[in-house]
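Participant: This is what each chain is made of:
2 protein chains.
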Amino acid sequence: MHRDPSPVLEFPYLPAPHRELMVSLLSTLDARLGSHLLPSSVPADVLSFHNDSATSFGSLDIRSGGHDSPVDFILESWLHCKLPTGALNITTIFGFLNASTEAPHLLMEFIQGSPTSLILFIDLLPRKDLVLHPQYLAEFYQDTHLEKLRQELENERYVQPYRSSSLYIRSVLSPTAIAVNINCGADGENFMEEIMRAQLSSVAKEVLQIWLDKCACSSAQSEASERHVLVQRDNLIKNKTVEIDLAANLPRMFGPNVAAQIVGAIQKAFRI
Amino acid sequence: MHRDPSPVLEFPYLPAPHRELMVSLLSTLDARLGSHLLPSSVPADVLSFHNDSATSFGSLDIRSGGHDSPVDFILESWLHCKLPTGALNITTIFGFLNASTEAPHLLMEFIQGSPTSLILFIDLLPRKDLVLHPQYLAEFYQDTHLEKLRQELENERYVQPYRSSSLYIRSVLSPTAIAVNINCGADGENFMEEIMRAQLSSVAKEVLQIWLDKCACSSAQSEASERHVLVQRDNLIKNKTVEIDLAANLPRMFGPNVAAQIVGAIQKAFRI
Numbered sequence: 000m001h002r003d004p005s006p007v008l009e010f011p012y013l014p015a016p017h018r019e020l021m022v023s024l025l026s027t028l029d030a031r032l033g034s035h036l037l038p039s040s041v042p043a044d045v046l047s048f049h050n051d052s053a054t055s056f057g058s059l060d061i062r063s064g065g066h067d068s069p070v071d072f073i074l075e076s077w078l079h080c081k082l083p084t085g086a087l088n089i090t091t092i093f094g095f096l097n098a099s100t101e102a103p104h105l106l107m108e109f110i111q112g113s114p115t116s117l118i119l120f121i122d123l124l125p126r127k128d129l130v131l132h133p134q135y136l137a138e139f140y141q142d143t144h145l146e147k148l149r150q151e152l153e154n155e156r157y158v159q160p161y162r163s164s165s166l167y168i169r170s171v172l173s174p175t176a177i178a179v180n181i182n183c184g185a186d187g188e189n190f191m192e193e194i195m196r197a198q199l200s201s202v203a204k205e206v207l208q209i210w211l212d213k214c215a216c217s218s219a220q221s222e223a224s225e226r227h228v229l230v231q232r233d234n235l236i237k238n239k240t241v242e243i244d245l246a247a248n249l250p251r252m253f254g255p256n257v258a259a260q261i262v263g264a265i266q267k268a269f270r271i
Numbered sequence: 000m001h002r003d004p005s006p007v008l009e010f011p012y013l014p015a016p017h018r019e020l021m022v023s024l025l026s027t028l029d030a031r032l033g034s035h036l037l038p039s040s041v042p043a044d045v046l047s048f049h050n051d052s053a054t055s056f057g058s059l060d061i062r063s064g065g066h067d068s069p070v071d072f073i074l075e076s077w078l079h080c081k082l083p084t085g086a087l088n089i090t091t092i093f094g095f096l097n098a099s100t101e102a103p104h105l106l107m108e109f110i111q112g113s114p115t116s117l118i119l120f121i122d123l124l125p126r127k128d129l130v131l132h133p134q135y136l137a138e139f140y141q142d143t144h145l146e147k148l149r150q151e152l153e154n155e156r157y158v159q160p161y162r163s164s165s166l167y168i169r170s171v172l173s174p175t176a177i178a179v180n181i182n183c184g185a186d187g188e189n190f191m192e193e194i195m196r197a198q199l200s201s202v203a204k205e206v207l208q209i210w211l212d213k214c215a216c217s218s219a220q221s222e223a224s225e226r227h228v229l230v231q232r233d234n235l236i237k238n239k240t241v242e243i244d245l246a247a248n249l250p251r252m253f254g255p256n257v258a259a260q261i262v263g264a265i266q267k268a269f270r271i
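Here the protein sequences come in this chain order: A and B. Just so we're aligned, residue 0 is where the first sequence starts under numbering that gives the first Met the number 0, counting upward by one. Just so we're aligned, residue 0 is where the second sequence starts under numbering that gives the first Met the number 0, counting upward by one.
Rather than coming from a laboratory, the hints here were simulated on the basis of the structure. Everything hinted at is true.
Partial list, derived from the structure: chain A residues whose beta carbon lies under 8 angstroms from chain B:
(1) V130
(2) L136
(3) R169
In silico DSSO-like cross-links for lysine-lysine, where the CA-CA straight-line distance does not exceed 30 angstroms:
(4) B:K239 / A:K213
(5) B:K237 / A:K147
(6) B:K147 / A:K237
No experiment lies behind these values; they were computed from the predicted model shown. Glycine included, every Cβ here is placed at the ideal spot set by N, Cα and C.
Given only the sequences and the hints, what does the whole structure look like? Please build it.
Facilitator: And the structure:
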């Protein structure tokens, strides 16, 4: 069946290296998981939206996993806001697994406040309390050498550790989460392009590969007795993400009506 | 009953501001909790020990909580090693609560590698999975404004965030954990003394006060149904701490025999 490409893949406003990275990540995801995903069920006014004064634009697509897939859903989005100081571009990939597996979720978020500054999160989100489950920590975080990738990026010039202001978000992240602020200074546009094309691109692709191999495409099943807690914990993460991130920021960028539409579509896909 | 002061209180090798801070913290602890603690049960060769070549010295004291106290034990220690490059001084306060309460444990560790450099950890260690228990996060971490104290110290000149190389230790720490490296440079002895006497001392004392008020002296009881998991989680923290921290480092500093004695005394007090 021919499908028109989703508007989320167009990235009409992104700086070129940011766009190239996103296109590459999304096509890897699609090549590996696409055939196991249901068609998008997101309405047209969520696939593409803007605020009344046409200064903010966005696109959000969500595809659920098919029957027998460990994928709960894949969320892909971009937001673009014209600001007096320039433009804000936010791109997000969120790969959520269902309770048939206990393997980590995927989070990638790139918040580019200007051509020379970027805050980013790349992480496999733990599904279990790592203090109580050192085996889980060993399997998904130690043996996968995610720390090496984190250090590789954090040791680059212009890259600083970044902390979310939300203590809940900090708790959700793993101990190898990449959470950094890249600020190349007023004349640093070339540096930023270079970092995005080289180190950042390489690290993001490697983390995605680890998630695809070890998590989204692994046949390891969760214990039936543990599924209740997995679902409870995942629902808390979904609810809190909407509350802290979306419900707080979208109305500011798109006005209350458009924001309510987007949040509603996400809550429906999240089943919360 | 008169008790001789514990050798752990002497700190014969510590730089003066480090000693003053420790004496102040330990006397606050003792004034508030002392009457609820049993006498030390640690043998003389653990209260005071050194390696064969008399280049490393240490003192470790552990007092268990009395009947009806929510304190499991208070561990206080100092280690001193003469090194070719100077001296290493490590001081530790560990306040562990029992399963009658779910309130956080206290961890304070100051690792002074030279008169101008210090790595330190100050934290209330969560007893529960914070992702699954946002109420717990709110009660002990948000409402206590620990983040303000963390930022206060981290924003000081010469202070950098520090990450334990152990992913397990990172998982044990709370999202407001103070984990920093203070490095004042070759000629920075005065700066280090100033930071220890002013900002560090103030922050450490405030965190201790919060722990005493909200955790060690609170009458809030844990749910009987939750105690089994609390004990299981606490035992994992105890076991992993011994494995990662002590069993890995003490033999290097004190030789295998002295190290085994110290680790044995800790395991006995930890009941692991």
